[in-house]
Every structure is written in structure tokens, then in C-alpha cells.
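A.B. asks: Sequential numbering of the sequence shown, starting at 1, is according to UniProt numbering.
I should point out that these hints are in silico values taken from the structure, not numbers from a laboratory.
Computed from a prediction, not measured in an experiment: that's the story for all the values here.
Backbone N, C-alpha and C fix where the C-beta goes; we use that ideal spot for every residue, glycine too.
One or more of the hints may lead you astray.
Here are the computed distance ranges between Cβ atoms for each label pair [to be verified]:
1) Ile751 - Leu520: 46 to 56 Å
2) Asp213 - Pro410: 25 to 35 Å
3) Lys85 - Asp213: 50 to 60 Å
4) Asn282 - Thr593: 55 to 65 Å
5) Glu375 - Thr593: 39 to 49 Å
6) Glu456 - Gly102: 48 to 58 Å
Calculated lysine-lysine pairs in the DSSO-like style (CA-CA distance at most 30 Å, straight line) [said to hold, decoys possible]:
7) Lys31 - Lys130
8) Lys618 - Lys546
9) Lys196 - Lys334
10) Lys61 - Lys85
11) Lys436 - Lys508
12) Lys546 - Lys685
13) Lys137 - Lys106
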Amino acid sequence: MLVSLKWLRDYVDIDVDAKEFGDLMTMTGTKTETVEFYGEEIENVVVAKILEIAEHPDAEKLVVTQVDAGQGSPIQIVTGAKNIKVGDYIPLAIDGAVLPGGIKIKNSKLRGVASNGMMCSAKELGIDEKFVEDYKKNGIYILDMEDSYETGKDVKEVLGLTDAVIDFELTSNRPDCRCMIGIAREAAVTLGKNTKYPEISVKEEADKEIDVDIKIESPDLCTRYMARRVTDVKIEKSPYWMQRRLIEAGVRPINNIVDITNFVMLEMGQPMHAFDMREIGNNKIVVKNAVKGEKFTTLDKQERDLDEDMLMITNGEKTLGIAGIMGGLDSGVKEDTVEIMFESAVFNKENIRKSSKKLGLRSEASSRFEKGVSEENAALALERAVQLVELLGAGKVMKGVVDVYPNPKPAQTITVNPTRINKRIGVDIPMDRFCKIMEDLEFKCDLKSDQELVLEVPAFRLDIEQEADIFEEIARIYGFANIPSIQLQGNTTAGVKTDKQKFLDKVKTTAIGSGMYEILTYSFVSPKGLDKIMVPEDSNLRDVVKLLNPLGEDTSIMRTTLIPNMMDVITTNISHNIDTASVFECGHVFTPTDMAGVEETRICLGMYGEDKDFFTLKGVLDRIFERVGIKDQTYLADKTNTSFHPGRCADILAGETFLGTIGEIHPYVLENYGISKRVYIAEIKLDEVYTHRNDTIIFKALPKFPASSRDIALLVKDQVSVGSIEEVIMSNGAGLVEACELFDVYKGDQIEEGYKSVAYSISYRSLEKTLTDDEISPVHSKILEELEKELDAKLRD
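Starting from the given sequences, assemble the full structure and let the hints guide the process.
C.D. replies: Written out as C-alpha cells, the structure reads:
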């Protein structure tokens, strides 16, 4: 917020320079961004009056003028400006003058005629042209604010270019500081001064009494609506002092009535609007919601589409303005306006914020309403506005005020514990100092004891809700520099990882050690991903957590599986001509169980390439399971998972517990992603793995006696799994079978249709002696017998 120090001094005595004042304000919580001194670089520029204008003897576009600059005799100035006339007062840079940017002015000759100075434009004086009337923009800046000036007077004093403007950065929780009086309150408590509020009194010189009927149909959206009427209005320019204050705050002057509403908004923080009574017509104001589909043209000449959530100001028959945002095209003050109604109201800040966003329309008014405005301030601002009307002679104020306040708010009180606040700050502020700070902040104090202080919160402090807020107020005003720095006390503990974190580290390092690269993807995903991997409509994976305010459709839900993310990464790699890749992700999936949300940890492994197949991926998984302590995993064929190739997919179980799925991605899924390569993916529930792990390591002595191995080739039906074969071998080994290893699976010539040949190497060993053939043969025969009995497996010749 831009704050003119000259204007601020009207409300508080500031006895330090601008930069020191800015530093002090920063230390009490009102951060100073910049301190800018208007006119700081200007030297020897004075007020001059044009006495004569004559043609230049040798240049058609130049004129020779004689001006009175208060130096006794006229000064000759040659200029090309076309907007000057005899009798005008202008800013004149005399010999030796300095202008903004370090420009120095010296006596010279223009086309052979002496020119002892230079008339200045607004730009040359550093005045932003957006605040300058059109007829002054392309020529000399005419001083037309008063009838006459003292020639030779420093132009900086005349134009008010003699003080600083400070830009304060305000936090959104302090809407009360978005005005001059709000900053003055903060300045007063910072400097130990008193705030000087403007003395407001209204004469009500008009003979008429206000007769406006106001009705609020949505009291939850408009908590207070007040109105005052002014007759015999004269629309003209505001006095320069008001224009200058508006300009320094970044607001363009328009006319006296509009400038008054802007002045009051900047001074007191209450947005206002002045309606032309001819547009109201029937002396009625109805505050109500818009009709869906209704269209309305605002003051900026833009047609707006309205909906039923937007609050409007109407006369019951036609719409006059969008409440708290902007008035209608025809509702404002015009050059021939003779009677106006000032509106001072308070609107629901959430509604204003949402309506402003929907309309794509932010104004100075909406930026204040959406942060909160005090109902009590509305009354003061209205009286201040009509007082300024009388002060400027802009009209006569009618008698009476219309005030519709359906649900008056009682004064807010809050009870705090000063002793506890002192302890948390780390200082011992005496109770009289404690209460003095709060009273300087305009709280009313009722000290019951050191443990209980009842505070009545001033109406303008909308941010005060609990003791923590008072804690902040005391700390910032007491001074952070006055709070001693002490070393932290307490017991220190070593930071160590939890067992779950160590488990996840072990999973990741094993995957990396197997030649895989870790990836990270977003948890916010598109629902289209489930369609692309062909998840059935009735699948639990479609029971998703939806985001209330997503960035877009592609990030509108929380993922329930990692497979779509993995497929996206693989697709990207293939599209960049990466021939082979092995990647994994440890991440979370989310389900809305019991509306509380459940977060699961999973790992997804994916690979493709000529040297990759189902068993390559299975080998990595088995290595991970072995590393973390899963020893009894089994793989069961799964032909129902629509994301994977039927017959090339398996569910992974530990006992009866489902751990995950491994397989080759279905060709139709690959087609959805535009992939022509085979892709292998496994998704594992790490929470289940963590629960069923057994990472106890049992050390055994190296065997003293040699092993003996025998190879067998079995003919079995296609549907017989190698896992079931291994189970029969191990369960019938009589404690002598140390291991069995599958080394060949064959189908083709000499093998009957529907059958396959599987070959195993069985290793026999005893821990007590060297086994003989006579000891091994019975066990080996028993294994072959049970294989034939249970699996109809026949030994191949």
C-alpha cells in the first residue's frame, strides 16, 4: 500500500525521518518495501507567469515568451509548446536547474534567439502522465489549481513534491491497515504517539429529508447497508490537495464526488459508491441475488454474465451495480448529475471473493471487501464522505441517514492468560506495561489477575480470534529486539530411521543393485489412466479420492494403482528411442475407505527390451523378497487381470496373503499407449510384505560332506506348474534333498500336444556322512513315484 507521509501526518505526529520511520514500522510488523522521495532530484524549478508570447523570427514552430519568475525583470524563454497562453502559470527551470534523471538546464540559444531557462512538462518533473489531464500531456504542465501564485516560489512546494511515499507490504489478515487511519494506528503505537482521528460533523444544509427505502433480501451476504443523499450537486474538479493525495496513493482523480468516495476509501478503508438518483428513479434500493443467465454492463463498459450466487444492488426493477465490486455503466456520477446517494455497506467477504473470481473483475473495492470490512466503520465513512461534500462545496446534504443493519454484532471479548503469554515469549512484561500495550492498540482491558485478562476487541480488528493472536500483538509491540536470545534447552536424541524406513531403503537398494533406475511421479493423476490400462468398471481401483479444486482433468484424482504412471514413463522412454529400460517407483496409492482416506505403500517395477522377459522381472522380485525376508512366496497364474496378458500373468502370495501381481502387459493396453514392444510390470503391496517378512538370519556351518546330484526329465500336462513339482520333490526328500533346480522346459517334436517336458537337477546331501547310491536311490524312487501319483508326471526316457 502506498502511503504519503505528508498525508499520514494528519493523523499521527511523526518526529523521525522517512527511512527511520519505515525501519521502525517493519520491526512492529508493518513491513516497509520502499521509501520514495518525490521531487528529491529537482532543483531551481520555480513558478513563473507568462507575460508575452511572440513569434520566433526564424522558426515557425517556436515562440518567444517573456515570463515573470520573481526575479525583478522578465526572463526570455523560447519554446515549441502549443498549449500555453498569456497569464498561465507554469513551472520554469532557470539557469542551473536540475531535473529528475540528473538533467541540468543552462542558458542557451534556439535558432539564434536567447532562451534563459526551460518550461517543464509533467514528464520532465517526474509526474506520471496517467494522473495528468489530456490537455497537459503533450505540452507544458499548466498550474491551474488556483487563481494566482507567488512567482519565483519553489515548484516542489506548490505541487506537493516535498515529502516521501512509503510502500508498505500488508498481510492479508490485517484488512484494517489497508487505509491511512489503519497505518496511522500502527504508526502511533510504534512511535508512542496518539492517533488523531478526523473530527467529523455534518451540517445537513438541505431542506429535504432522505426518503430512500432500503431492503436487504440476503442478510447473510449483506450485513449492513447505509445511505445518505446529497442535492444541489456541482460536478467539478477536486481541489489540488485532494488530487495530490489520490495520486500519491496510485488513484487517478476524476471529479469531486468520485474523488470523495476514493478519498474516504483510502483514508478509512471503507469502499463507497455514489449513485446518480436519476438512475435509481423510484427511491428504492433492494439488495438481492442475481438471476442465473442475467447480463449486466459495468462501469468499465464490459458486459458480464451473472449467476444466482452473485449479490446485486438494484432498485427492485433494474440492476444498478454488482455489490462490493463495481457499479453499473449508467449508475455513476455524470457531468450533469444534480442529486446523488452515497452507499456505505458491508458485504460477505467469501461471496465477494468468489464473485470477483468468476467475473474476472477485481477493483479497489473488491480487494478490500474480500479481506473483510468492519460494520462499525461503515457509519463513520459515510459521515466523513458527506462532511467532505460540504467542505468542498460540492452539494447540500439532506437530513437523516438510512441504516439497515439486520443483525448488529455485539462487541467481541477474549480472555487471555498474561502469565502464560509472558512465559511463551520468554520475558516478564509487568502487567501495567502489558495492559498499556493492549490499550495503545485500542483494546479495552479488564485485568482480573495475573492469570486472567478480559479484552474487548476493537471493531476494526477482524483478525483477533484467540489468545495466540494477543501473543503476537504483545511480542511485536514490545519489540522482538527486546526479547533475549537464549540457547535451546531440552534433551537431544539421535535421529534414526524407523524400521519401516530401513525396510523401504533395503527394497530400493536391492532394486537398484539389480540394475533398475528409480523414478518419481505425481500422486495426482487423470481418471483416463484407468481406462487406458483397461480396469473394469466395477473394479475397486475405480473407487478414487477426487480433488475438490484440481489444477485440471489430468490431475483430478488420487491414484489407486502405480501402473498408469509406470506406463507413461515407459511410453516416454520408448518415444525417445530408448531401446531398453528397467525402472521402479516406490510410492503411495490412495483409497477413500470410510471417507477418512487410506494410504498404501507400493512398489511398481517395469521393464522392456530384447534382453527382458517375464523371468527377468521375476528374478528381480525374488531377489527383493529374499533380501527383506520373504521366503515362502508363490506365483499363481491369473487369467482375470485385464491389464495383463492372459496366461502371462501371476498373482504373488505369501501363504494366504496377496502380495501383488507380475506379468506381461496386455497387447490392447500397449495399443492404448502406442507401444509396439513387450512390456513387463509388477506391482507389489509393500505394507503386506513388511508385515509378513521374517528377516531373522540363521547361520549354518559349511557342509563337511559332498553333495550328489541326479537329473530328471518329466512329461507333465501344460497346466501343471513348476511350483507344484518342486513342492512334491522337497516334501518327499526325506531330509536329504538340499535343492532342486529347474534347468529346462521343452515343448515341440516328440512331445504330445497339451504336454511339456520339464527337467530338474536334484541335489542330495547329508550333514552327517557321505551318501551312497544305495541311500539315495530309495529316496529318488519315492520322489518319482509321488510325482506320478500326485501330478501324473512320467519320467521321460
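A.B. asks: Glu456 and Gly102, beta-carbon distance inside 48 to 58 Å?
C.D. replies: holds (55 Å)
A.B. asks: Lys137 and Lys106 were given as a pair; does the straight-line alpha-carbon distance stay at or below 30 Å?
C.D. replies: Holds, at about 24 Å.
A.B. asks: Does the alpha-carbon distance linking Lys31 and Lys130 stay inside the 30 Å limit?
C.D. replies: Satisfied, since the Cα-Cα distance of roughly 28 Å is no more than 30 Å.
A.B. asks: Taking the CB of Asp213 and the CB of Pro410, does the distance hold inside 25 to 35 Å?
C.D. replies: holds (28 Å)
A.B. asks: Check the following: the C-beta atoms of Lys85 and Asp213 are separated by a distance inside 50 to 60 Å.
C.D. replies: holds (51 Å)
A.B. asks: So the hint says 55 to 65 Å: do the beta-carbon atoms of Asn282 and Thr593 match that?
C.D. replies: holds (59 Å)
A.B. asks: Straight-line Cα separation of Lys546 and Lys685 no greater than 30 Å?
C.D. replies: holds (22 Å)
A.B. asks: Holds or violated: are the alpha carbons of Lys618 and Lys546 at most 30 Å from each other?
C.D. replies: Between Lys618 and Lys546 the Cα gap is close to 34 Å, so the pair fails against 30 Å, i.e. violated.
A.B. asks: Given the proposed pairing of Lys196 with Lys334, does the C-alpha separation stay at or below 30 Å?
C.D. replies: violated (35 Å)
A.B. asks: Assess, step by step, whether the Cα of Lys436 is no farther than 30 Å from the Cα of Lys508, and give holds or violated.
C.D. replies: Violated. Lys436 to Lys508 sits at ~61 Å, over the 30 Å cutoff.
A.B. asks: Between Lys61 and Lys85, is the straight-line Cα distance small enough, at 30 Å or below?
C.D. replies: Answer holds: Lys61 to Lys85 is near 15 Å, not above 30 Å.
A.B. asks: Between Ile751 and Leu520, does the beta-carbon spacing fit 46 to 56 Å?
C.D. replies: holds (47 Å)
The structure shown violates the earlier hints numbered 8, 9 and 11.
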